[in-house]
Amino acid sequence: MKHLLSINDLSEKDIYKIFDYASQFEEVLKRPIPVVPSLRGKTILTLFYEPSTRTQTSFTLAGKRLSCDVINFSFSTSSILKGESLLDTLKNILKMKVDGIIVRHSVAGVPHFLAHHLEKENIFVINAGDGINEHPTQALLDAYTIYKKFKDFNNLKILIIGDIKHSRVAHSDILIFKKLGCKVFVSCPYSFLPVEFEKMDVVYLPDFREKLSDFDCVIALRVQKERHNFSYLSSIREYHLLYGIKKEDLNKMKKNALLMHPGPVNWEVELSYEVLKDERCVILDQVFNGVAIRMAIIFLLFQEKL
Amino acid sequence: MKLKGTKEINKKIKNLAQKIYRKHKKNLGDLCLIGIKRRGISIAQRLQQELKKLTNQEIPLGALDISFYRDDLQMISLSPIVRGSEINFSLQDKIVILVDDVIYTGRTVRAALSEILDYGRPKKVELLVLVDRNHRELPIQPDYVGFKFKVKKEDLIDVFLKEEDKKEGIYLQRR
Amino acid sequence: MKIENLPEYLLLKNGILIDLDKKEKREVDILIKEGKIEKISKGIEKKDKFIILDIKDCYIFPGLIDLHTHLRTPGREDEETIETGTKAAIAGGFTKICCLPNTEPPLDNESLITYLIAENKKYNYCDLYPIACATKRREGKEICDYYLLKKAGAVAISDDGAAISSSQVLRLVLEYSKTFDLPYFSHCEDKELAQGVINESFISYQLGLRGIPDISETIFAFRDVLIANYVKSKIHLCHISSKKTIQILRFLKENNYQFTCETAPHYFTLTEKDIKNYDTNYKVNPPLKKEEDKEEIKKALREGLIDAIASDHAPHLLAEKEQDFENAPFGIIGLETCFLLSYEELVLKGNLTIFELLEKFITNPAKILGIEINKIKENNEAEIVIFSPKEKYIYSEDKVVSKSKNTPFLNKEFSGRIKAVINKNKIFYF
Numbered sequence: 001m002k003h004l005l006s007i008n009d010l011s012e013k014d015i016y017k018i019f020d021y022a023s024q025f026e027e028v029l030k031r032p033i034p035v036v037p038s039l040r041g042k043t044i045l046t047l048f049y050e051p052s053t054r055t056q057t058s059f060t061l062a063g064k065r066l067s068c069d070v071i072n073f074s075f076s077t078s079s080i081l082k083g084e085s086l087l088d089t090l091k092n093i094l095k096m097k098v099d100g101i102i103v104r105h106s107v108a109g110v111p112h113f114l115a116h117h118l119e120k121e122n123i124f125v126i127n128a129g130d131g132i133n134e135h136p137t138q139a140l141l142d143a144y145t146i147y148k149k150f151k152d153f154n155n156l157k158i159l160i161i162g163d164i165k166h167s168r169v170a171h172s173d174i175l176i177f178k179k180l181g182c183k184v185f186v187s188c189p190y191s192f193l194p195v196e197f198e199k200m201d202v203v204y205l206p207d208f209r210e211k212l213s214d215f216d217c218v219i220a221l222r223v224q225k226e227r228h229n230f231s232y233l234s235s236i237r238e239y240h241l242l243y244g245i246k247k248e249d250l251n252k253m254k255k256n257a258l259l260m261h262p263g264p265v266n267w268e269v270e271l272s273y274e275v276l277k278d279e280r281c282v283i284l285d286q287v288f289n290g291v292a293i294r295m296a297i298i299f300l301l302f303q304e305k306l
Numbered sequence: 001m002k003l004k005g006t007k008e009i010n011k012k013i014k015n016l017a018q019k020i021y022r023k024h025k026k027n028l029g030d031l032c033l034i035g036i037k038r039r040g041i042s043i044a045q046r047l048q049q050e051l052k053k054l055t056n057q058e059i060p061l062g063a064l065d066i067s068f069y070r071d072d073l074q075m076i077s078l079s080p081i082v083r084g085s086e087i088n089f090s091l092q093d094k095i096v097i098l099v100d101d102v103i104y105t106g107r108t109v110r111a112a113l114s115e116i117l118d119y120g121r122p123k124k125v126e127l128l129v130l131v132d133r134n135h136r137e138l139p140i141q142p143d144y145v146g147f148k149f150k151v152k153k154e155d156l157i158d159v160f161l162k163e164e165d166k167k168e169g170i171y172l173q174r175r
Numbered sequence: 001m002k003i004e005n006l007p008e009y010l011l012l013k014n015g016i017l018i019d020l021d022k023k024e025k026r027e028v029d030i031l032i033k034e035g036k037i038e039k040i041s042k043g044i045e046k047k048d049k050f051i052i053l054d055i056k057d058c059y060i061f062p063g064l065i066d067l068h069t070h071l072r073t074p075g076r077e078d079e080e081t082i083e084t085g086t087k088a089a090i091a092g093g094f095t096k097i098c099c100l101p102n103t104e105p106p107l108d109n110e111s112l113i114t115y116l117i118a119e120n121k122k123y124n125y126c127d128l129y130p131i132a133c134a135t136k137r138r139e140g141k142e143i144c145d146y147y148l149l150k151k152a153g154a155v156a157i158s159d160d161g162a163a164i165s166s167s168q169v170l171r172l173v174l175e176y177s178k179t180f181d182l183p184y185f186s187h188c189e190d191k192e193l194a195q196g197v198i199n200e201s202f203i204s205y206q207l208g209l210r211g212i213p214d215i216s217e218t219i220f221a222f223r224d225v226l227i228a229n230y231v232k233s234k235i236h237l238c239h240i241s242s243k244k245t246i247q248i249l250r251f252l253k254e255n256n257y258q259f260t261c262e263t264a265p266h267y268f269t270l271t272e273k274d275i276k277n278y279d280t281n282y283k284v285n286p287p288l289k290k291e292e293d294k295e296e297i298k299k300a301l302r303e304g305l306i307d308a309i310a311s312d313h314a315p316h317l318l319a320e321k322e323q324d325f326e327n328a329p330f331g332i333i334g335l336e337t338c339f340l341l342s343y344e345e346l347v348l349k350g351n352l353t354i355f356e357l358l359e360k361f362i363t364n365p366a367k368i369l370g371i372e373i374n375k376i377k378e379n380n381e382a383e384i385v386i387f388s389p390k391e392k393y394i395y396s397e398d399k400v401v402s403k404s405k406n407t408p409f410l411n412k413e414f415s416g417r418i419k420a421v422i423n424k425n426k427i428f429y430f
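Protein chains in written order, with full-length UniProt numbering: chain P, 1 to 306; chain A, 1 to 175; chain G, 1 to 430.
Bear in mind the hints are in silico, worked out from the structure with no lab data behind them. Only a predicted model underlies this, so the values are computations on that prediction, with no experimental measurement involved. Using N, Cα and C, we set each Cβ at its ideal position, and we do this for glycine too. Careful: at least some of the hints might be erroneous.
[Claimed, not checked] Which bits of chain A does chain P cover? Going by a derived footprint, with three or more residues having C-beta under 8 angstroms, they are: (1) 48-60; (2) 118-130.
[Stated by the list, open to error] Here are some chain P residues the structure puts well away from chain G; computed CB gaps all over 10 angstroms: (3) Pro34; (4) Thr53; (5) Thr60; (6) Tyr190; (7) Arg237; (8) Leu241; (9) Leu242; (10) Phe288.
[To be verified] A few chain P residues facing chain G, derived, Cβ under 7 angstroms: (11) Gly131; (12) Asn133; (13) Asn229; (14) Phe230; (15) Ser235; (16) Glu238.
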């Protein structure tokens, strides 16, 4: 693969290869000196038009653990604030002789646009989230987390709760889980369901609680009250009542099930604080896995460049 | 062309184990074996068995995959699936016997040394190879050598071991 | 109005049962024991302990359902209270009513729904089905907690009195309400277009009053049904009053769009011509329209395009109604006259049969709300209206049960009268 823009770019084989490398990088991350010199002398640029400490940090760490030089452009960086156009930013990138860029933007398709223009320069692009479209590295780390526990994806039952319509995490997650052979379920109010959702080949559950014991994995998505000035939620309390995961819900879940969340968590909205203590809640593992997965992706994209 | 067969290989490994034992009789507790890539690990395992017969102790064994330490990324895409390193014990103050099947340019050993030092600070690192085929590109010499062969740079020396391959033996292919 | 507890045995004799299932009338006696229907048949034998009520020539049918009432509680108990409002309902033959949320404070919080239901239980004359706000404070911006509102007893959501101007907000309302299977009751009005007090026509010009174009209702009726069908959610249109709206609804129905709708009696009995001397008892929203609108409404009722008839009972203080036409509030009371007007205009004049009329008052409203009717069957609770179709009845001021008296039908002589209502182990005499 030349770039990582969408889960659709990856074959099942590619995905397992990424998992393989990620597991080795996990071992590296646990060493006293958690660095390998593989990408010494190489440079990557993280270009974050939307603020995000966590993902940007995760990618930065991943690059550094590979001995790569990492440059960070973020929302508060003056040139982006000044409204520099994408093409101008591109020209700057080319002058700086970077080998790859990691981009997050509030508009879908920006990573694709950059990839198209950077292709002939042999600079790879990783999509770190484009609007409400995709967030492929999150989906990969989510799938990896599940892979480490269950090994076999076939017929695994996964439930995603939240704003399916506007969540790039949900979109990429659904794509990857379907690709790997899982049965995907979603639960949310109708206002969060995309039009013609039947075409996603996913089961919609208006009320998931009675079926909680069926699932091997439950993913709670972050909720945003307002989107484009319209209030999609009636209130936090009703959302938490109907769609939040609380201690009582954990009691209904399988003993070996996983509870996940892409973060950052709105406590007492998507999850009650008490669930963090439960061993099935692997939110912190997801963060660690994220660095390993991103190391694998960066490493493999560099290989492909050659 | 077959240079050496199973019998000779096993005899040599036994021989090398004895050399290690004699040298480190007084510090057996600090000793550990680390095999490089795949075949180095097989050889290290056989050494471990021989040392057990000699000392009645199980010398700790680790595996090293130097893929991420190579100075040429290109080589990684050519080599088989990366297996990963596995060292389940601390290297602090240990006497590490680094084991590989063949030493040639010395670059593999250099990578292995870098990687080992990222695991901690051993007291000493020694190098054991089954085959030395010369033509070094770096100033690295083994402490224990099984067989020394004088061959041209372009000649191919292959070590096959039954743990990894269907046959066993040291083979030469002249170009 | 007299309210008495039912005797242990009440025997209704010589009534005419309107059987809605079989669509037939038949002479029956009905024996009611301890509030339950014990026996329905001809010639039930009298026994000593029976109290007998001779209801010769009277129709017997189940209690009516009003989909659209304003009870003004909480906040304007000076205009109507739960007690007076539910009494007025019974006086009109209604044993089940929906009350709308444009109260003060508006019904956008579940505690208010709980309060209304509890308050109604104190009097327990009829069943109260509150309709909650669709948006917070009916401002048309944020959706309410529909789950909690439904749990407390709300049967539908509406911002009635106001339309939701933003199509995007309406979409969110319909999507979220679909999650809990709550129908949306739509007040169709393009507020910016409808800056007036009377129907816009030659008459409004002659009276010098600002007019409301009839299309203001049609535009929003069309828009609302389209959005509801796009997200596949339940929608019910309130107080349909115009021919153009009916034409659009006909088109939508032919193209398989799903919706239900209601009208109020004043839209098929009055027109703008009836407004004389700036009498504010003719000031309603949507406003009274032309003869052709009135006729089209009746046609739509005959076709079955309009599913229900509702009162849109809107009490106002005399002090508020006795103002100039511009400033007086919109609305007239209607619970007590709704059925009488409908019977006279639709059944007596041959537009509908009595069965078709009762479908508009009982069967269809029940379907729209998703509630069960207490049919007139043995072993059911007695929830019965006794209606005398031939009796003349003058609706004089002393007869008005509602706390407010703002109606254009004061002193009108009706053909037909509700004699009594039996509900909740009580009998209400008029």
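Hints and how they fare:
Under a criterion of three residues with beta carbons nearer than 8 angstroms to beta carbons of chain P, the stated coverage of the stretch 48-60 of chain A fails, only 0 such residues being counted. With 3 residues having a Cβ less than 8 angstroms from any Cβ of chain P, the stretch 118-130 of chain A passes the three-residue criterion, so the hint holds. Once the 10 angstroms rule is applied to beta carbons, P/Pro34 is consistent with being away from chain G; the minimum gap is 47 angstroms. Non-interface status of P/Thr53 relative to chain G is upheld: no Cβ of that chain comes within 10 angstroms, the nearest being about 30 angstroms off.
With a cut of 10 angstroms on Cβ distances, P/Thr60 stays outside the contact zone with chain G, its closest approach being about 38 angstroms. The Cβ of P/Tyr190 does not lie farther than 10 angstroms from every Cβ of chain G; its closest approach is about 4 angstroms, which violates its non-interface assignment. In this structure P/Arg237 is not separated from chain G by more than 10 angstroms, as the shortest Cβ-Cβ distance comes to only about 7 angstroms. Distance check on P/Leu241: its Cβ comes as close as 7 angstroms (rounded) to a Cβ of chain G, failing to clear the 10 angstroms threshold; non-interface status is violated.
Here P/Leu242 does not stay apart from chain G, with its beta-carbon only about 6 angstroms from theirs, under the 10 angstroms limit. With a cut of 10 angstroms on Cβ distances, P/Phe288 stays outside the contact zone with chain G, its closest approach being about 36 angstroms. With its C-beta approaching chain G no nearer than about 18 angstroms, P/Gly131 sits outside the 7 angstroms limit, and its interface hint is violated. Of the supplied interface hints, the one on P/Asn133 is violated, with its beta-carbon coming no nearer than about 21 angstroms to a beta-carbon of chain G, more than 7 angstroms.
Because the beta carbon of P/Asn229 sits about 9 angstroms from the nearest beta carbon in chain G, more than 7 angstroms, this interface hint is broken. Because the closest C-beta pair between P/Phe230 and chain G is about 6 angstroms apart, less than 7 angstroms, the hint holds. Checking P/Ser235 against chain G: minimum C-beta separation of about 5 angstroms stays under 7 angstroms; hint holds. Restraint check, P/Glu238 versus chain G: the minimum CB separation of about 4 angstroms is within 7 angstroms; hint holds.
Comparing the model with each numbered hint stated earlier shows that hints 1, 6, 7, 8, 9, 11, 12 and 13 do not hold.
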